[in-house]
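Trainee: Sequence:
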Amino acid sequence: MTTLITPRLRLEPLDDRHFAGLHELNRDPVVMRHITGRPDTPEDTQLMIDRVKARWAEFGYSWWGFIRQDNGQLIGCGCIQHLNRDPAEPLETGWRLRQDSWGQGYASEAARHMVGWAFATLKPERVCAVCQPENTASSTVMERLGMSYTGIGRWYDMDCARYDITAAQWAESPAKARYDAEA
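Numbering-wise (UniProt numbering), the sequence shown opens with residue 1 and increments by one.
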């Protein structure tokens, strides 16, 4: 399992030791409004950890916890996984952050490193991301990655906007140049 280091974060594969911080994140109804529409129960959080551990074992990638290097707190999480959890679908990146970490560039920083790692290691043709259309904070991060809007589709039982970036587009993007400088 791969740990990623960014200028301010350590991205650790999620496991049982992250339960308390992950549940604090996932039980916030404001954080979860665009993800599941409801806060997680402790059982939901444990099921997520169990699924994530199984995917790390099966695929060698899944969800990371975003740990601040300066204080060791879990402030968010993000992934490289298959869209709609279907291995026939392209790789997807996604993220969520605690409210007290919004607007500080953590999502863009972590996403840049997850996508950079995916293109360097897994060598996919493309990486995509989805969000509910009204989630402009996430779509802004997608655009900062160099992703382009491709339309509305149905994923995770929701109507979502999809953004894609190809390997060729990533190679030329300012986000990759910044990733290379930070890595």
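Please note that a few of the clues may not be correct.
Unchecked claim - For lysine to aspartate or glutamate, the following EDC-like pairs were computed, each having C-alpha atoms within a straight-line distance of at most 20 Å:
{"hint": "1", "residue 1": "K123", "residue 2": "E172"}
{"hint": "2", "residue 1": "K123", "residue 2": "D157"}
{"hint": "3", "residue 1": "K176", "residue 2": "D164"}
{"hint": "4", "residue 1": "K123", "residue 2": "D180"}
Stated by the list, open to error - Distance ranges between label pairs, derived from CB positions:
{"hint": "5", "residue 1": "R10", "residue 2": "D157", "range": "29 to 37 Å"}
{"hint": "6", "residue 1": "D15", "residue 2": "D70", "range": "31 to 39 Å"}
{"hint": "7", "residue 1": "I5", "residue 2": "A171", "range": "38 to 46 Å"}
Derived from the structure by calculation, the hints contain no laboratory data.
Cβ atoms here follow ideal geometry from the backbone N, Cα and C, with glycine treated the same way.
Trainee: Does each hint hold? Answer for all of them.
Mentor: Against the structure, the hints come out as follows:
1. Using a Cα cut-off of 20 Å, the hinted pair K123 and E172 holds, with the two alpha carbons roughly 15 Å apart.
2. Between the alpha carbons of K123 and D157 the distance comes to roughly 28 Å, so the proposed pair goes past 20 Å and is violated.
3. Pair hint K176 plus D164 holds up; C-alpha atoms about 15 Å apart against a cutoff of 20 Å.
4. Taking the CA atoms of K123 and D180, the gap is about 16 Å. The hint holds against a cut of 20 Å.
5. Between R10 and D157 the Cβ separation comes to about 32 Å, which falls inside the hinted range of 29 to 37 Å.
6. Checking the proposed 31 to 39 Å range against D15 and D70 shows it is violated: the Cβ atoms sit about 22 Å from each other.
7. Separation of I5 from A171 is about 22 Å and departs from the stated range, judged on CB atoms against 38 to 46 Å.
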